[in-house]
Amino acid sequence: MHELSIVMSIVETAEEKVKENHAHSVEEIDLVIGDLAGIDSEALDFAWDSAVKNTVLQKAKRNIIHVPAKAKCLECDCEFEIKDQFDACPLCGEPLLQIIQGKELQIKSMIIN
Amino acid sequence: MCATCGCDSETKVSIHRTNQHNPLSLENITFTPIEAKPTTLPNGRKQLDLEQDILLKNNLLAERNRGYFMAKNVVAFNLVSSPGSGKTSLLEKTLLDLKEQENFFVIEGDQQTSNDADRIAATQVPVVQINTGKGCHLDSSMIWEAIQQLKPIENSILFIENIGNLVCPAMFDLGEQKRVLIISVTEGDDKPLKYPDMFQSSQLCVINKIDLLPYVKFDLENVKKYARIINPSIQFIELSCTSGEGISTWYEWLKKEVVEQTPIAV
Ligand SMILES: Nc1nc2c(ncn2[C@@H]2O[C@H](COP(=O)(O)OP(=O)(O)O)[C@@H](O)[C@H]2O)c(=O)[nH]1
Ligand SMILES: [Mg+2]
Ligand SMILES: [Zn+2]
Ligand SMILES: [Zn+2]
Ligand SMILES: [Zn+2]
Numbered sequence: 026m027h028e029l030s031i032v033m034s035i036v037e038t039a040e041e042k043v044k045e046n047h048a049h050s051v052e053e054i055d056l057v058i059g060d061l062a063g064i065d066s067e068a069l070d071f072a073w074d075s076a077v078k079n080t081v082l083q084k085a086k087r088n089i090i091h092v093p094a095k096a097k098c099l100e101c102d103c104e105f106e107i108k109d110q111f112d113a114c115p116l117c118g119e120p121l122l123q124i125i126q127g128k129e130l131q132i133k134s135m136i137i138n
Numbered sequence: 630m631c632a633t634c635g636c637d638s639e640t641k642v643s644i645h646r647t648n649q650h651n652p653l654s655l656e657n658i659t660f661t662p663i664e665a666k667p668t669t670l671p672n673g674r675k676q677l678d679l680e681q682d683i684l685l686k687n688n689l690l691a692e693r694n695r696g697y698f699m700a701k702n703v704v705a706f707n708l709v710s711s712p713g714s715g716k717t718s719l720l721e722k723t724l725l726d727l728k729e730q731e732n733f734f735v736i737e738g739d740q741q742t743s744n745d746a747d748r749i750a751a752t753q754v755p756v757v758q759i760n761t762g763k764g765c766h767l768d769s770s771m772i773w774e775a776i777q778q779l780k781p782i783e784n785s786i787l788f789i790e791n792i793g794n795l796v797c798p799a800m801f802d803l804g805e806q807k808r809v810l811i812i813s814v815t816e817g818d819d820k821p822l823k824y825p826d827m828f829q830s831s832q833l834c835v836i837n838k839i840d841l842l843p844y845v846k847f848d849l850e851n852v853k854k855y856a857r858i859i860n861p862s863i864q865f866i867e868l869s870c871t872s873g874e875g876i877s878t879w880y881e882w883l884k885k886e887v888v889e890q891t892p893i894a895v
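Protein chains in written order, with the numbering used here: chain A, 26 to 138; chain U, 630 to 895.
The set of hints was computed from the structure by calculation and includes no laboratory data. Keep in mind that this is a model prediction, so the values were computed, not measured. Please note that the accuracy of each hint is not assured.
Calculated pairs, EDC-like style, for lysine to aspartate or glutamate (alpha carbon to alpha carbon, straight line, at most 16 Å) [unchecked claim]:
#	chain 1	residue 1	chain 2	residue 2
1	U	Lys666	A	Glu45
2	U	Lys854	A	Glu119
3	A	Lys128	U	Asp826
4	U	Lys884	U	Glu729
5	A	Lys133	U	Asp678
I would like the entire structure built from these sequences, with the hints used as guidance.
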């Protein structure tokens with residue numbers, strides 16, 4: 026359950042930012058999570074509920090922006106969306122891909138008050 | 630007597646147990662990356678556009694560890710596997726066979742027990758144990774704290790045995806030079822399909838327990854084929870900690886790594 030440590034580091038950053046800005050709490054937080062970032066959404070929800078209690082994030086509205094996975098074929102250079110890392114290139118059929126999108130794991134923004 | 634855990638630091642080998650009371654606490658260190666100025670919203674609210682990597686702190690601290698290792702010419706290996714693949718067995722054998730030739734240090738990650746650290750201590754190699762409790766991976770701050778206690782000497786080799794888990798240790802850089810993934814032939818040859826991130830982030834895959842190959846259905850070529858799709862440069866070493874077959878290839882790999890990491894004297 027690394028989702029718990031992920032949420033804990035989000036809480037840590039949020040606490041820091043709220044303090045820095047002399048605010049009280051976070052109203053809204055936007056997270057960017059790539060489809061290949063290794064985050065299980067159910068586990069994330071579960072970890073979120075237990076980890077934000079009594080923190081500045083307790084009442085925050087959480088928005089998740091999902092980023093679809095994209096890869097570039099190492100043979101023919103074409104770019105395309107993939108479902109998993111074993112997909113083959115739809116043009117030339119080569120399985121050697123470079124992931125170019127979908128591993129994001131970011132706090133995009135926060136609204137604090 | 631060691632002030633941290635009360636052990637007798639005169640004896641050559643000791644197991645230190647890391648916990649909260651570390652001298653160089655990280656709690657007061659904050660990282661403030663450059664970010665856009667807050668936008669003021671109505672009712673005294675503010676919007677912060679952070680665009681900040683959630684693993685930023687871990688990654689920055691991992692770089693600090695890496696810098697420490699490079700400065701002291703310590704070659705650090707992060708050993709990852711499922712539970713029971715043979716991380717501790719490989720360490721025990723390696724330490725016993727090579728400890729006269731190289732200076733070794735070990736960090737043992739374990740959720741509850743000290744069994745593995747005790748096994749390492751029995752080889753007379755200095756070891757620090759990190760108990761993570763429910764935590765299913767080591768992170769770079771744990772390693773930072775552990776090396777304050779372990780104090781690996783210059784020109785040494787540091788092995789870090791991670792928690793038995795192929796999912797989240799893949800996300801946490803510890804500052805190691807190389808990540809060594811250990812699988813065993815009793816686990817099924819579809820491991821790369823199930824844990825692509827770990828295969829992608831490791832430089833070497835040790836296939837252990839080949840003494841059991843006659844008894845199990847395990848296709849070595851399948852594993853390699855799948856693993857190379859996600860990581861074309863991953864290397865493989867097949868061995869058995871029990872019979873010793875293939876172990877010399879592992880030792881050669883280790884020695885080559887150490888030589889390559891050693892800065893050329895000027
Ligand atoms: N047959 C066989 N058993 C092994 C081999 N290497 C380790 N084992 C056994 O596998 C079990 C788990 O090993 P251990 O080193 O504790 O795994 P770890 O959890 O990855 O540290 C132990 O019972 C070992 O004796 C091997 O090469 N062949
Ligand atoms: Mg072990
Ligand atoms: Zn996990
Ligand atoms: Zn192609
Ligand atoms: Zn974990």
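Structure-based check of each hint:
{"no.": "1", "hint": "Lys666/U <-> Glu45/A", "in the structure": "holds (12 Å)"}
{"no.": "2", "hint": "Lys854/U <-> Glu119/A", "in the structure": "holds (13 Å)"}
{"no.": "3", "hint": "Lys128/A <-> Asp826/U", "in the structure": "holds (10 Å)"}
{"no.": "4", "hint": "Lys884/U <-> Glu729/U", "in the structure": "holds (14 Å)"}
{"no.": "5", "hint": "Lys133/A <-> Asp678/U", "in the structure": "holds (6 Å)"}
Violation of the numbered hints given earlier is absent; every hint is satisfied by the structure.
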